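Since the structure of chain A is already known, use the hints to place chain B on it.
Top line first, the protein sequences correspond to chains A and B. Each residue of the first sequence is one higher than the one before, starting from 1 at the first, in UniProt numbering. Each residue of the second sequence is one higher than the one before, starting from 1 at the first, in UniProt numbering.
Take these hints with a grain of salt, some might be off.
Put simply, identical chains are the same to the list, so a pair is met inside one copy or across any two.
[Said to hold, decoys possible] With a Cα cut of at most 20 Å, we get these calculated EDC-like pairs of lysine to aspartate or glutamate: (1) Lys13 - Glu275; (2) Lys534 - Asp286; (3) Lys379 - Asp581; (4) Lys508 - Asp581; (5) Lys270 - Asp307; (6) Lys508 - Asp485; (7) Lys238 - Asp307; (8) Lys508 - Glu526; (9) Lys554 - Glu538; (10) Lys554 - Glu129; (11) Lys508 - Asp417; (12) Lys508 - Glu481; (13) Lys379 - Glu188; (14) Lys609 - Glu188; (15) Lys609 - Asp476; (16) Lys379 - Asp417; (17) Lys379 - Glu526; (18) Lys242 - Asp200; (19) Lys379 - Asp548; (20) Lys240 - Glu275; (21) Lys508 - Asp486.
No lab work stands behind these hints: they were computed from the structure. Quick caveat: nothing in here was measured; it's all calculated off a predicted structure.
There are 2 protein chains.
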Amino acid sequence: MRSEELGETLLPKRLALPIFASDPLSSVAYATQEILLVLTLGGLAYLHFTPWIAAAVVALMTVVVLSYRQVVHAYPSGGGSYEVVSTNLGPSAGLVVAASLLVDYVMTVAVSVASGVDNIISALPSLAEHRVLLAIGFVAILTAMNLRGVRESGRAFAAPTYLFIGGVLIMVGTGLIRYLLGDAPVAESAAYGIMPEHGDQNLTGLALLMLVLRAFSSGCTALTGVEAISNGVPAFRKPKSKNAASTMASMGIIAVVMFVGVTTLAIIAKVHITEDSCRLTGIGGDCNGFTQKTVIAQLASSVFGGDNSIGFYFIQAATALVLILAANTAFNGFPLLSSILAQHRYLPRQLHNRGDRLAFSNGILALAIVAGALLWTYKADVTSLIHLYILGVFTSFTLSQLGMVRHWNHALRTEPDPATRRRHQTARVINTLGACVTGLVLVIVLITKFTQGAWLAVLAAIVLWVMMRGIRRHYDHTAAELAVDDPRAELVPPSRVLAVVLVSTIHKPTLRALSYARAFRPHHLEALTVSVDKSETEDLQHRWQDLDVNVPLKVLASPYREITKPVVEYVKGMRRESPRDIVAVFIPEYVVGHWWENLLHNQSALWLKSRLLFTPGVMVTSVPWQLTSAAHADHPAARAPGSVRRGEPAAGRGSDTPAGRI
Amino acid sequence: MRSEELGETLLPKRLALPIFASDPLSSVAYATQEILLVLTLGGLAYLHFTPWIAAAVVALMTVVVLSYRQVVHAYPSGGGSYEVVSTNLGPSAGLVVAASLLVDYVMTVAVSVASGVDNIISALPSLAEHRVLLAIGFVAILTAMNLRGVRESGRAFAAPTYLFIGGVLIMVGTGLIRYLLGDAPVAESAAYGIMPEHGDQNLTGLALLMLVLRAFSSGCTALTGVEAISNGVPAFRKPKSKNAASTMASMGIIAVVMFVGVTTLAIIAKVHITEDSCRLTGIGGDCNGFTQKTVIAQLASSVFGGDNSIGFYFIQAATALVLILAANTAFNGFPLLSSILAQHRYLPRQLHNRGDRLAFSNGILALAIVAGALLWTYKADVTSLIHLYILGVFTSFTLSQLGMVRHWNHALRTEPDPATRRRHQTARVINTLGACVTGLVLVIVLITKFTQGAWLAVLAAIVLWVMMRGIRRHYDHTAAELAVDDPRAELVPPSRVLAVVLVSTIHKPTLRALSYARAFRPHHLEALTVSVDKSETEDLQHRWQDLDVNVPLKVLASPYREITKPVVEYVKGMRRESPRDIVAVFIPEYVVGHWWENLLHNQSALWLKSRLLFTPGVMVTSVPWQLTSAAHADHPAARAPGSVRRGEPAAGRGSDTPAGRI
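Excised from the complex, chain A in its bound form (with noise of 0.2 Å):
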């Protein structure tokens, strides 16, 4: 496809939807369970904290839509987070944003596949000591998907999705007509009764109120992913920030209207799960052995009519589904904010080739090798790994949300329009309202989550951060040196050429690069030699004189058998006697077809090469030779992972940039 073509890959809002809002809308699956764990340690008798938690999260949840809508409307190039804290705070303050996204998307993936195997245990719970085997074999298939560079096709993700959207809202809906009936569901789990974790019961003042707010930091959980949209607005049609804006308003409503009900339905069903499910009574057996289903299963269990119920696989299947899909959408944006941050220096070069299969596939190798360690370590248990996750997300809200603040005061400025000036100042509004919420939730979640693992990612956003600038530092400081500052100078052409062409034998490649050098017509030309074996040096010298080119054949001895060093020091000779000529030094290559044929010849005149680089005023010509063997070898054209969010087309062959550049 070419760059013209782009155009016709723009997403339409109804298949925009899915691919954006899979991420924040799966998260639904494992919220409302989150709050419930932690109010649980407590027994009982916390649980009617629950509506108000729930309605802590939707507050928050409308605050952060709101703020993000500015974001897509100031910010259309789909830069995210990242752009508006780099350009509004420094980039200091967008690394550090940049940095919590890269462990946030290692996150995503680890609690959505872990939560996805949690839904799927739950169905089928024979499968539950493969816990960890299966998020492991799951993660292997994304990274096989992503590496293969299967384009994510809207529709492959609109199914599932709706699905999902469709099936919890009838769960919901089919739950409370239920209770209005008067026949409400009831959860299998109603039953249990939950002694109150050690040192958790009758909990008051401070002691509450930290278990409360727990809760609630583990029910941010909801709002994972909610700025996704804002990164991808390149890849709406237009008017791309106004289909943005509203599919980003509609993805709000349908998670608030999502985790409202299965919070709601939690409640009437009487859920009752713990972290440990010894601290259930009345299970019966063996509590180690026993397994607790997911809420989202036991609603739907409970609403459907038991574990056998069509209705309860379905839901178990598209949540599972929706929950690898999730992860699926980390697969495509590590890579290509990592191509960004290369695109600033902040990573290696290589990582921005855009369309360049191998810049991603290491992002992806690396995403995928973080995350699978990270579900072996903590045996793919959601509620652990969701202690290291959220931190990164609000830490990107809050700089984003301040950044805003900063770049509306900006705009306020010089903004003399009147209208204009009203919808900046509401905006600033929301913005800053935005920026106190999130940044007193990500203080909250910073104390209650810290000691219980979150420290982990603050360390590792701690490390990527002072890795970054440290390579930025490298490239800038490159940058200066290569800099042009007079171009006479740099012009001044040296005084003569004095050529040297290496010669081990003679077969049809030296020949040719005898007479290559030749057609240069250089100030000076001879070739060069170096003794190993006496007797094939002197066979040499005859076959030498007989081939009569008047073209000296100088040997070199070489006391150590060895052929690089005594080659560099003549070559350094001749600049020393002659400083202000270069030497061209011609080495005869000739080229195979198969991999494996280069195993079977020496490759020593690479090595040489390379050292005689490191020599001033010395450059390296290669004359090759083409074996009959020597046949093109080609590269399949493929289109790089998440190239339709970032509405790119597919890239023609493996590209890279030009040489030389840094």
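Only chain B this time, still in chain A's reference frame:
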């Protein structure tokens, strides 16, 4: 050390003996034991065959040593069996020897280490359960030592070998004296009875013969490594052949004396040892947990008074040490043989670079990995490993003796002097005898061992043989293709040189490339850039005009945002237009000092170069720009492993053969 100083590294006999004899002498440590293990399959009934089998082995040893002394005289170049056979029976036969020797080197490591561990365990029974771990540990240590290129000094070898010889002789001596004084040493196992293996009791006729023959084949392990000296003649002081031959003789005598001594003592002390300790009677307790001591250990303890006597520990230490040294000889022999094979183009050229540590590293690693795998799969069990061992030894014995017969026939055809003729004739008689005997043994070994594991060795040898022939064919094919039939034609100069300078941005490397290209005064010069980003390109064009170098800047459109393809296509186009011209592509590159810096810089220059080299009539010139960080990487001088035994000086730096050589 320089080639001239080579003489000083040559070995006096007293050092040559331990260096070359550690392998053959160490086999005394297990040869007797292997004979007993087979005989005791039939209970104690057949132990009276031991002396006769030992006698046969001694006879065989004598013949082989005598025959190899002829080899030493006839082929002082140290090619050993491989050279003898290839010269006299043709390369294919030579390759058979080479293949079986390579397999043997692997087995030497496996068997020697396993036996060494056995003797350590005999002294420290508590280590019994760590057998495999210990064995692999030793292989790892040897690998590390040889990879680091620890120079193999004669002294390091001399001490343990002489201690071993001395120790065993003293043990035998003391034992015999005590026997003559009527106080015969009694092995701890003398009291045990042995139940015959089911189906192996009261054998008669063929069955009995087979058992005896199997015992004999196992005893033949005493001969492994005998040929070592014939590979090392160049390392001896002048007169090389004479010294080598006499060293061989003394080695033979010592080996025979030790073997006979140990075997006699084993008979006197009534050592009862079986493959399966559960066939022992009267041991009391659980037979599975019961580890039998090696024959050497049992003798030492019986002669020197128990498992806590210094004598016992001394013998065990010396034995274990000499066995590990024997394994080490393979670490020197294997890479050496591969480098000879590489020189003859049966293995990749790289392996030939003498003194190049990398070349040897590959060989060392290959050897270590295969040996380690064998030790792992066979649980470091000497007996089962031995089955794979001697087949190769006797293949090369037989073929080299045949080769020698041919050699003498040939010599006699031309030799006039009667005295010499007589010497040749005796030599021929000896070698004919050797050929017949070793041939016979080969057949016996094949029959008795094939099903017991020898088939694996045979298979491995065949695979190697086929592979090496394939490699040779490839090299010959390439050589033919590169051979110069008509120098004139090859040297016809191209009519013009069209120079192209690749430009991605304007920085110092670009300008240097430009001025260097100009210095060549090509017939046509232009700058070339690929437009990936429209604005970037326009910017570049403007800056180019400001430079006002009168070199046109050609811009290639790249709809797919890739570089390599458009450039390659463009260059091909130039060639099509004027086929009699050549195109010189100048690529500005900058050179960094640290490997990690390369990670930060786009290596697409390399990729582009490699693609361009596939295009006929094109040469690629790298114009380096050295960044301040670019420092000369240094390569510590190192002595290649096994250099002593091939009478070779230390290599200065990592050396390599001339570029483009096949």
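Evaluation of the provided hints:
1. For a Cα distance limit of 20 Å, the shortest separation of Lys13 from Glu275 qualifies neither inside one copy, at 39 Å, nor across copies, at 78 Å.
2. With identical chains, the CA atoms of Lys534 and Asp286 are never at most 20 Å apart, being 84 Å at best within one copy and 68 Å at best between copies.
3. In this homomeric assembly, Lys379 and Asp581 never come within 20 Å of each other (Cα to Cα): the closest approach is 66 Å inside a single copy and 66 Å across copies.
4. In this assembly of identical chains, the alpha carbons of Lys508 and Asp581 lie at most 20 Å apart only when taken from different copies (18 Å versus 29 Å within one copy).
5. For the homomeric pair Lys270 and Asp307, the shortest alpha-carbon distance inside one copy (17 Å) is at most 20 Å, but the shortest distance between copies (75 Å) is not.
6. For the identical chains of this complex, Lys508 and Asp485 are inter-copy neighbours only, at 9 Å across copies versus 45 Å inside a copy, given an alpha-carbon limit of 20 Å.
7. When the C-alpha separation of Lys238 and Asp307 is checked against a cutoff of 20 Å, the pair qualifies neither within a copy, at 46 Å, nor between copies, at 92 Å.
8. Taking the shortest Cα distances, Lys508 and Glu526 sit within 20 Å of each other inside one copy (18 Å), while across copies they are farther apart (29 Å).
9. For the identical chains of this complex, Lys554 and Glu538 are intra-copy neighbours only, at 12 Å inside a copy versus 48 Å across copies, given an alpha-carbon limit of 20 Å.
10. Taking the closest pair of Cα atoms, Lys554 and Glu129 never come within 20 Å of each other, the shortest separation being 73 Å inside a single copy and 64 Å across copies.
11. Within a single copy, Lys508 and Asp417 get their C-alpha atoms no closer than 78 Å, and across copies no closer than 49 Å, so neither meets the 20 Å cut-off.
12. Within a single copy, Lys508 and Glu481 get their C-alpha atoms only as close as 42 Å, which misses the 20 Å cut-off; across copies the closest is 8 Å, which meets it.
13. With identical chains, the CA atoms of Lys379 and Glu188 are never at most 20 Å apart, being 26 Å at best within one copy and 54 Å at best between copies.
14. Proximity of Lys609 and Glu188 under a CA criterion of 20 Å is satisfied in neither setting, with 73 Å inside one chain copy and 68 Å between copies.
15. For a Cα distance limit of 20 Å, the shortest separation of Lys609 from Asp476 qualifies neither inside one copy, at 28 Å, nor across copies, at 26 Å.
16. For the homomeric pair Lys379 and Asp417, neither the shortest alpha-carbon distance inside one copy (58 Å) nor that between copies (87 Å) is at most 20 Å.
17. In this assembly of identical chains, the alpha carbons of Lys379 and Glu526 never lie at most 20 Å apart, being 68 Å within a copy and 61 Å across copies at closest.
18. In this assembly of identical chains, the alpha carbons of Lys242 and Asp200 never lie at most 20 Å apart, being 49 Å within a copy and 92 Å across copies at closest.
19. Taking the closest pair of Cα atoms, Lys379 and Asp548 never come within 20 Å of each other, the shortest separation being 76 Å inside a single copy and 65 Å across copies.
20. Taking the shortest alpha-carbon separations for Lys240 and Glu275, neither the intra-copy value of 44 Å nor the inter-copy value of 82 Å comes in at or below 20 Å.
21. In this assembly of identical chains, the alpha carbons of Lys508 and Asp486 lie at most 20 Å apart only when taken from different copies (10 Å versus 44 Å within one copy).
Of the numbered hints listed earlier, those contradicted by the structure are 1, 2, 3, 7, 10, 11, 13, 14, 15, 16, 17, 18, 19, 20.
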